[in-house]
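Respectively, the protein sequence lines represent chains A and B.
Numbering-wise (my numbering), the first sequence opens with residue 1 and increments by one.
Numbering-wise (my numbering), the second sequence opens with residue 546 and increments by one.
It is worth saying that the hints were derived from the structure and are not from the lab.
The C-beta atom is built at its ideal place from N, Cα and C for all residues, glycine as well.
Be aware that a few hints might be false.
Not everything, but these chain B residues come out facing chain A in the computed CB check (under 10 Å) [to be verified]: (1) Ala563; (2) Ser564; (3) Asp566; (4) Glu567; (5) Leu574; (6) His575; (7) Ala602; (8) Phe652; (9) Thr655; (10) Asp660.
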Amino acid sequence: MQASDGPRVAESVLRAYARVRPTMAEIRFVSGPTVLARPGDSLLRIAEANQVPLESGCQMGVCGADPVRILAGAQNLTPPSMDERVTLRRLALAPDCRMACAARVRGDVTVALAREGVTPNTSVCADAPVAERRHSSSRQRVVIIGSGVAGVTAAIEVRERDPDIDIAILGAEPYDYYNRMVINKLLPGSAAIDRLPLLPSDWAASRRIRHLCGVAARSIDRVRCEVQTDGGDTLPYERLLLATGAACDVPAIEEYSKQGAFVMRAIDDAVRLRQYIVEQRCRRAVVVGGGLLGLEAASSIRAMGIRVSVIETAAWPLSRQLDRTAGALVQQLMTDLGIKILSGAVPRALVGADRVEEVQLADGQRLTADFVLFATGIEPNVTLARRAGLAIDHGVIVNDRMATSDARIFAAGDVAAYRGSIPGLWRVAMEQARVAAINMLGGDSRYDARVPPTRLKVPGIDVLSVGDVTGADGHVQDICVDDDDPRQYRKLVVRAGKASAAIVVGHQALHELVSEAVMANRDVTAVIPALERGDWTVLRGECGG
Amino acid sequence: MSSSDTSHTEEFGSRFLASLDEEDIATVLHYTEARRYSSGEVAVRCGDVDRSVYVIAAGSFEVVVPAPTGPQRVAVLRDGDIFGDLAFLDGEPRSADVRAIEDSEAFIMTPASFDRLRLAHPRLALSFVLDLGRILSRRFRDSSRLLAARTRLWCDPSAPEL
Chain A
1 MQASDGPRVA
11 ESVLRAYARV
21 RPTMAEIRFV
31 SGPTVLARPG
41 DSLLRIAEAN
51 QVPLESGCQM
61 GVCGADPVRI
71 LAGAQNLTPP
81 SMDERVTLRR
91 LALAPDCRMA
101 CAARVRGDVT
111 VALAREGVTP
121 NTSVCADAPV
131 AERRHSSSRQ
141 RVVIIGSGVA
151 GVTAAIEVRE
161 RDPDIDIAIL
171 GAEPYDYYNR
181 MVINKLLPGS
191 AAIDRLPLLP
201 SDWAASRRIR
211 HLCGVAARSI
221 DRVRCEVQTD
231 GGDTLPYERL
241 LLATGAACDV
251 PAIEEYSKQG
261 AFVMRAIDDA
271 VRLRQYIVEQ
281 RCRRAVVVGG
291 GLLGLEAASS
301 IRAMGIRVSV
311 IETAAWPLSR
321 QLDRTAGALV
331 QQLMTDLGIK
341 ILSGAVPRAL
351 VGADRVEEVQ
361 LADGQRLTAD
371 FVLFATGIEP
381 NVTLARRAGL
391 AIDHGVIVND
401 RMATSDARIF
411 AAGDVAAYRG
421 SIPGLWRVAM
431 EQARVAAINM
441 LGGDSRYDAR
451 VPPTRLKVPG
461 IDVLSVGDVT
471 GADGHVQDIC
481 VDDDDPRQYR
491 KLVVRAGKAS
501 AAIVVGHQAL
511 HELVSEAVMA
521 NRDVTAVIPA
531 LERGDWTVLR
541 GECGG
Chain B
546 MSSSDTSHTE
556 EFGSRFLASL
566 DEEDIATVLH
576 YTEARRYSSG
586 EVAVRCGDVD
596 RSVYVIAAGS
606 FEVVVPAPTG
616 PQRVAVLRDG
626 DIFGDLAFLD
636 GEPRSADVRA
646 IEDSEAFIMT
656 PASFDRLRLA
666 HPRLALSFVL
676 DLGRILSRRF
686 RDSSRLLAAR
696 TRLWCDPSAP
706 EL
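One chain only, chain A, in its complex shape (with noise of 0.2 Å):
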């Protein structure tokens, strides 16, 4: 057989190439392709673009979502940060593990998917020597009441820090402790079920935790100590702490009972939401809310073919974590992927015969709409916490030890209110988680609320937001880097000559060092006049990671 004689490339392509191909990584995935990968690249996205079956989170090293093997050639990728080596050490990975949304390569290496033949090590707490317990006398229980992340990173902190002590956490989702932030993703089903699971499912029986799964809390007695259990049980106590999590909160409008109306919490929401579009063969939707989580999902219901549309109250979407300039450039990025944002909207009525047809703004103005997702906030879930007589401010009010106004009883997560704040995110719900489980133990440990990083997990579009961005307290110097590209944007607050929040949209490389710089608080006064030409690579600074 001769050769084609199909299209051809033209010799000028061909040579473009070649000037480029000394500079690729070769990323090889054992059983899965061989990549060729321009340096500054994660293995996360590496992966994700070339159909390697790798499930993302937070993309921050932190959820623990996408664990992998290095099989050759670690030293070609960054190091890890503080906050990868806590993830890789709370998940008791192999000592070659690394999360691939964290590692960008700069050389040849070879991966493996963590969870593909490595069983992780897990035998941590198991194996710990018997002569060193400090508990002799009374045996001291823990209940922790709730199994997502707040629950979880505690039951895992309090085993770590005490072999001996009895655990106990329930759940009231039939699921094992899952990756919530990418539901959105079983939508256009680009993730699926059954890799949400963060952890192995033996994760509570190895660390000799006792799990309830699918069992609710019905009451606590807090003269007894003992918590009631929808099965029956009962559960006594020496420490207790609430992570019931929250529910998301609906706005007041009109007709929200209509069928067609939803919101995106659970795995079960995202299914139910799913099997709607499917039968009622939905064509367009109407998400509420232009936070992280509205956008993510309106991101997942344009990938299924629906014209959605995003309704924002505030001026610009995330407004919580972006500024004014950085917002409206979010609008338009969203714009062009084919996603609507109406800022400055509020919703008024929910409109249908029977089920919902259209959504009436308050200006009158009405939008079609197949169904409406609601993605306006979260709302505590304190019932158990009300009826147990416990303090309560909107989340239970805890202090900065995370403990509520019962010196027995913590909580942490997104049911605690601290200083009248619930952020509603996965990196808070962990520290407070860490530092509630140190002060059952005894320890003394305080939660510093410093707004931890947060990213927006929309493909094609990077925006990284770490630190307060909008308050304004004094000796606050913004600065504001002129990019060529109209679609990329820096700023660095630098608070007293300390960098103190960010906001980077493009530029996804600066991405971990920026976190990092503003998460130390690192002080920058001498590279100022650097970071005000552009050159933001001085942020690695002097700490070394």
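Assemble chain B onto chain A, guided by the hints.
Relative to the frame of chain A, chain B by itself:
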């Protein structure tokens, strides 16, 4: 169809992306994925639904189609050849297997890569699809002309062969 085209436009006219300058080509390449294939590895499988378009950078591939008598090799592709171009435009399932017959390399415009290119450089994305459409329509015209010539030959054996 004008037959007065010079040989200069022949190369220019039939090659994909020949009208782009060096800088634009580098930009388009930046948005592609690149892969290595070991000998025997399948790049495209018959029946799969995937809209990526491939350009062979090194090595060679065979195109194999299913036939009643067993799989038939219908073409061998080498560096500079393109495949997957039809599915990129029409989204239909792949019509053949394409398999590396030696250690090879290709760069790929996936739908996601193309989306990113489209958002960041709309002009280049437009050039990319128009040019792909142009070389495909050129191929279609060529085969139509061939068919017409053969038909003529069949009707009138005295007609000059093409």
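Against the structure, the hints come out as follows:
1. At its closest, the beta carbon of Ala563/B sits 4 Å from a beta carbon of chain A; the interface hint therefore holds under the 10 Å criterion.
2. Residue-level restraint check for Ser564/B holds (minimum Cβ-Cβ distance to chain A is 8 Å; threshold 10 Å).
3. Checking Asp566/B against chain A: minimum C-beta separation of about 8 Å stays under 10 Å; hint holds.
4. With a cut of 10 Å, the hint placing Glu567/B at the interface with chain A holds, because the nearest CB-to-CB distance is about 7 Å.
5. Taking 10 Å as the C-beta cut-off, the interface hint given for Leu574/B holds, the closest approach to chain A being about 6 Å.
6. The restraint placing His575/B at the interface with chain A holds, with a minimum CB-CB distance near 8 Å, inside the 10 Å limit.
7. Proximity of Ala602/B to chain A holds as hinted, the smallest CB-CB distance being about 5 Å (cut-off 10 Å).
8. Given hint, Phe652/B at the interface with chain A, holds; its Cβ is 6 Å from that chain's nearest Cβ, closer than 10 Å.
9. Because the smallest distance between the Cβ of Thr655/B and any Cβ of chain A comes to about 7 Å, under 10 Å, the interface hint for this residue holds.
10. Given the 10 Å rule on beta carbons, the hint for Asp660/B holds: about 6 Å separates it from the nearest Cβ of chain A.
Violated hints are absent here; each numbered hint is respected by the structure.
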